[in-house]
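Asker: As a plain string of letters, each chain reads:
Protein chains: 2
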Amino acid sequence: MKTQVERARDGTATKQMEAVSGSENIDIRVLLERIANGSVVIMNRGKKSAGIGKGISTKVNVNIGTSSLKIDPDDEVKKACIAEKYGADTISDLSMGGNITAIRASIFENTTLPLTTVPIYQTAAETGLKNMTEGDIIGNMKRQAEEGVSSFVLHCIDNNTLSLLKKRKRIMGVVSKGGSLTCAYMMLNNCENPFIENFDEILKLLKKHDIVLSLGNAMRSGCIHDTRDKAQVAEIKLNVELAKRANEEGVQAIIEGTGGHVRADRIAGHVRFHKRLSDFPLFVAGPLPTDVAVGYDHIAGCVGASIASGAGADYLCYITPSEHLGLPSSEQVREGLIAFKIAAHIGDSMKYGLNERDRALARKRANLDWEGQLRYAIDSERARALAPHEGPCTMCGDFCAIKIMKEFGSCNYSE
Amino acid sequence: MKTQVERARDGTATKQMEAVSGSENIDIRVLLERIANGSVVIMNRGKKSAGIGKGISTKVNVNIGTSSLKIDPDDEVKKACIAEKYGADTISDLSMGGNITAIRASIFENTTLPLTTVPIYQTAAETGLKNMTEGDIIGNMKRQAEEGVSSFVLHCIDNNTLSLLKKRKRIMGVVSKGGSLTCAYMMLNNCENPFIENFDEILKLLKKHDIVLSLGNAMRSGCIHDTRDKAQVAEIKLNVELAKRANEEGVQAIIEGTGGHVRADRIAGHVRFHKRLSDFPLFVAGPLPTDVAVGYDHIAGCVGASIASGAGADYLCYITPSEHLGLPSSEQVREGLIAFKIAAHIGDSMKYGLNERDRALARKRANLDWEGQLRYAIDSERARALAPHEGPCTMCGDFCAIKIMKEFGSCNYSE
Numbered sequence: 003m004k005t006q007v008e009r010a011r012d013g014t015a016t017k018q019m020e021a022v023s024g025s026e027n028i029d030i031r032v033l034l035e036r037i038a039n040g041s042v043v044i045m046n047r048g049k050k051s052a053g054i055g056k057g058i059s060t061k062v063n064v065n066i067g068t069s070s071l072k073i074d075p076d077d078e079v080k081k082a083c084i085a086e087k088y089g090a091d092t093i094s095d096l097s098m099g100g101n102i103t104a105i106r107a108s109i110f111e112n113t114t115l116p117l118t119t120v121p122i123y124q125t126a127a128e129t130g131l132k133n134m135t136e137g138d139i140i141g142n143m144k145r146q147a148e149e150g151v152s153s154f155v156l157h158c159i160d161n162n163t164l165s166l167l168k169k170r171k172r173i174m175g176v177v178s179k180g181g182s183l184t185c186a187y188m189m190l191n192n193c194e195n196p197f198i199e200n201f202d203e204i205l206k207l208l209k210k211h212d213i214v215l216s217l218g219n220a221m222r223s224g225c226i227h228d229t230r231d232k233a234q235v236a237e238i239k240l241n242v243e244l245a246k247r248a249n250e251e252g253v254q255a256i257i258e259g260t261g262g263h264v265r266a267d268r269i270a271g272h273v274r275f276h277k278r279l280s281d282f283p284l285f286v287a288g289p290l291p292t293d294v295a296v297g298y299d300h301i302a303g304c305v306g307a308s309i310a311s312g313a314g315a316d317y318l319c320y321i322t323p324s325e326h327l328g329l330p331s332s333e334q335v336r337e338g339l340i341a342f343k344i345a346a347h348i349g350d351s352m353k354y355g356l357n358e359r360d361r362a363l364a365r366k367r368a369n370l371d372w373e374g375q376l377r378y379a380i381d382s383e384r385a386r387a388l389a390p391h392e393g394p395c396t397m398c399g400d401f402c403a404i405k406i407m408k409e410f411g412s413c414n415y416s417e
Numbered sequence: 003m004k005t006q007v008e009r010a011r012d013g014t015a016t017k018q019m020e021a022v023s024g025s026e027n028i029d030i031r032v033l034l035e036r037i038a039n040g041s042v043v044i045m046n047r048g049k050k051s052a053g054i055g056k057g058i059s060t061k062v063n064v065n066i067g068t069s070s071l072k073i074d075p076d077d078e079v080k081k082a083c084i085a086e087k088y089g090a091d092t093i094s095d096l097s098m099g100g101n102i103t104a105i106r107a108s109i110f111e112n113t114t115l116p117l118t119t120v121p122i123y124q125t126a127a128e129t130g131l132k133n134m135t136e137g138d139i140i141g142n143m144k145r146q147a148e149e150g151v152s153s154f155v156l157h158c159i160d161n162n163t164l165s166l167l168k169k170r171k172r173i174m175g176v177v178s179k180g181g182s183l184t185c186a187y188m189m190l191n192n193c194e195n196p197f198i199e200n201f202d203e204i205l206k207l208l209k210k211h212d213i214v215l216s217l218g219n220a221m222r223s224g225c226i227h228d229t230r231d232k233a234q235v236a237e238i239k240l241n242v243e244l245a246k247r248a249n250e251e252g253v254q255a256i257i258e259g260t261g262g263h264v265r266a267d268r269i270a271g272h273v274r275f276h277k278r279l280s281d282f283p284l285f286v287a288g289p290l291p292t293d294v295a296v297g298y299d300h301i302a303g304c305v306g307a308s309i310a311s312g313a314g315a316d317y318l319c320y321i322t323p324s325e326h327l328g329l330p331s332s333e334q335v336r337e338g339l340i341a342f343k344i345a346a347h348i349g350d351s352m353k354y355g356l357n358e359r360d361r362a363l364a365r366k367r368a369n370l371d372w373e374g375q376l377r378y379a380i381d382s383e384r385a386r387a388l389a390p391h392e393g394p395c396t397m398c399g400d401f402c403a404i405k406i407m408k409e410f411g412s413c414n415y416s417e
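One line per chain: the protein sequences are A and B, in this order.
Residues 3 to 417 (this note's numbering) are what the first sequence spells out, left to right.
Residues 3 to 417 (this note's numbering) are what the second sequence spells out, left to right.
Since the hints were made in silico from the structure, they are not lab data.
If you're wondering where the values come from, they're calculated on a predicted model, not measured in any experiment.
One should not assume that every hint holds.
If chains are identical, the list can't say which one is meant, so a pair holds when it fits in one copy or spans any two.
To be verified - Derived lysine-lysine pairs resembling DSS-like cross-links, with alpha carbons at most 27 Å apart:
1) K353 x K277
2) K132 x K408
3) K171 x K80
4) K132 x K4
5) K169 x K80
6) K246 x K353
7) K49 x K168
8) K171 x K408
9) K144 x K232
10) K206 x K171
11) K168 x K210
Use the sequences and the hints to build the structure in full.
Answerer: Listed below in structure tokens is the structure:
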């Protein structure tokens with residue numbers, strides 16, 4: 003069967019493309035062109051499709067999954083369901099503890115969103131970092147592909163990038179888990195990156211199952227004092243080359259970059275630097291513009307992600323309040339997701355101009371229409387929970403500016 | 003007794019100026035010069051001083067107070083204490099319900115931070131919008147001045163500004179409570195703005211008690227589709243003129259502006275526009291870069307306030323999760339305050355460069371030093387509550403990137 007890219011090149015719109023064209027209000031011919039040249043990716047699972055990239059609204063990914071120290075499969079499935087309920091566009095299962103295949107099966111069973119994994123996680127967790135071989139890693143990818151995973155994250159730092167990393171002093175070193183596992187594998191086995199070494203075989207697998215290649219951001223900064231260095235730039239450039247090879251083979255690709263911890267005034271420049279090098283969809287984790295917001299990293303991350311998506315990032319990976327502290331609770335998954343949906347919305351207003359939803363809500367608010375205001379809220383359930391159950395807003399009470407100005411007629415209200 | 007501005011002009015550093023010079027690491031001669039020309043303000047109450055303005059770290063104000071519909075004085079005092087405990091720089095008591103003088107007295111008794119009020123609130127609440135006179139408003143200001151209020155917010159829209167407002171269609175009209183009360187007073191009595199009409203007398207009062215004049219932002223946009231219009235620009239220009247007159251008389255002045263609801267990509271430009279017109283400290287409420295974050299406005303506000311302070315705003319008025327819904331709970335006061343302390347910190351990293359606190363935290367994190375990380379967190383108590391009580395972080399467990407990279411020695415860690 004042909005991949006999405008191949009169909010787009012043939013000029014044949016799939017059902018997924020038509021769905022994305024409709025929901026994103028983007029001309030189908032433009033969409034096909036962009037899927038063909040790689041500037042738009044459609045991540046699929048069954049009937050669910052998430053369009054990501056040029057001219058398309060910013061999407062949000064939610065990470066869930068067990069760790070070796072906290073294994074509660076039911077809780078992770080619950081988090082996946084909460085992610086879907088509150089409007090995530092995709093889910094990444096990052097489980098490294100317990101029966102990982104069974105957890106993934108259960109997430110598949112209970113959700114419908116496109117699902118991403120980092121295959122080296124399962125291999126390292128089950129086979130051990132020191133014992134695992136290239137064959138184990140690729141064998142695991144094949145099994146996951148058969149199960150229907152929508153996208154794989156691969157960290158493609160090569161030995162040149164690693165040598166650049168070693169030359170530069172960083173406070174935090176490497177903070178990408180998949181990146182560190184891959185680097186460690188390369189150093190333990192004194193070899194080149196296993197994903198780069200087997201890239202042709204991997205592309206065949208991705209092509210066969212039409213899986214999106216997500217090129218990881220192993221070299222991201224782990225604190226705002228660690229700035230963009232040669233290792234980061236080398237990783238971006240290599241990722242762009244690999245994305246081009248994928249696109250030539252008819253495989254969709256996303257590049258992860260400019261994530262991690264980045265001083266606020268540098269974020270937009272980093273995104274534009276990335277976008278000048280390539281038009282492939284840019285996936286950003288955070289970024290966090292400060293290190294001190296421990297316990298509130300979803301809020302600091304919302305600032306960074308708003309600026310990043312406003313500058314052109316296409317796809318955001320959320321951060322929860324328990325980032326840097328532990329696995330999130332399901333309530334924290336919701337908090338993180340909503341914070342990043344706010345960031346995506348703010349970013350879209352910068353990228354694409356003002357949104358009708360804001361205008362619709364403002365009109366309801368101007369009419370003191372509570373139900374209307376709640377209906378257009380980004381999380382109506384939360385807004386309703388905080389709203390007074392009866393009567394007007396308690397903030398201003400009788401001295402509501404809107405009421406006063408309507409009574410004394412000094413404003414022209416637009417319809 | 004001479005005011006801070008007069009002392010600064012004489013070249014005499016007060017204890018408050020010395021305290022601000024020390025805490026802000028700013029040369030005392032530079033500080034005196036800036037207080038004299040009005041680009042820095044020191045808001046005082048007893049031994050507590052908050053420096054606000056050019057070259058000084060961004061400050062955060064917390065609004066508390068009863069409304070006509072929700073009167074629980076003890077709860078408001080509790081909120082004031084929480085504001086002080088979690089690091090607010092100033093408190094504004096906006097009470098409009100119950101025994102307002104008694105509530106203010108209780109806040110004075112239980113806190114030490116500089117306290118701001120909007121005098122027209124108490125007059126309107128106690129005398130009624132339709133009954134109150136100029137004499138009532140000024141009489142109330144005199145009583146509050148005697149009590150030791152640190153700063154008064156006055157909304158100085160004139161009839162010209164009002165006529166500009168009437169010419170332009172807005173979705174939300176006027177959303178400033180003090181602004182709407184002042185406009186309504188002018189329309190009811192068919193008169194000029196009472197604060198402008200009595201400006202000389204008011205300056206004498208402020209000078210006598212060395213109270214900071216905070217010029218309100220009545221014309222701010224109430225939704226992101228209401229853009230900066232002629233009424234807004236007229237208000238800014240008039241406020242700048244009034245601030246200059248205050249400065250000439252030896253009275254400190256702050257101008258409130260660019261707050262409300264502003265599309266994210268316009269915030270920095272609005273702040274710079276304001277700063278080109280004057281160097282007086284700029285006080286910003288929010289701004290909110292989206293209308294739909296109902297229940298999460300502290301998060302959307304953190305994005306707007308980060309961008310605003312990064313672009314030059316000096317002083318932020320916090321927003322809580324219950325903005326647009328009702329008076330906040332004390333827990334929501336904390337949430338809003340911390341979100342805005344994060345914004346001030348991010349803004350300062352943009353204005354003044356990277357902060358030692360971020361570096362110190364990152365070093366502790368790189369050494370997997372939990373206690374150290376928590377110590378430098380913006381809210382150590384929250385961070386500690388979310389942290390695992392024993393053992394390592396549950397997010398990555400055995401597969402911690404930092405641990406792995408240290409074991410395999412591929413990074414140079416800076417000391």
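Asker: Of all the hints numbered above, which does this structure not satisfy? Sort the numbers upward.
Answerer: When the structure is compared with the hints, numbers 3, 4, 5, 7, 9, 10, 11 turn out to be violated.
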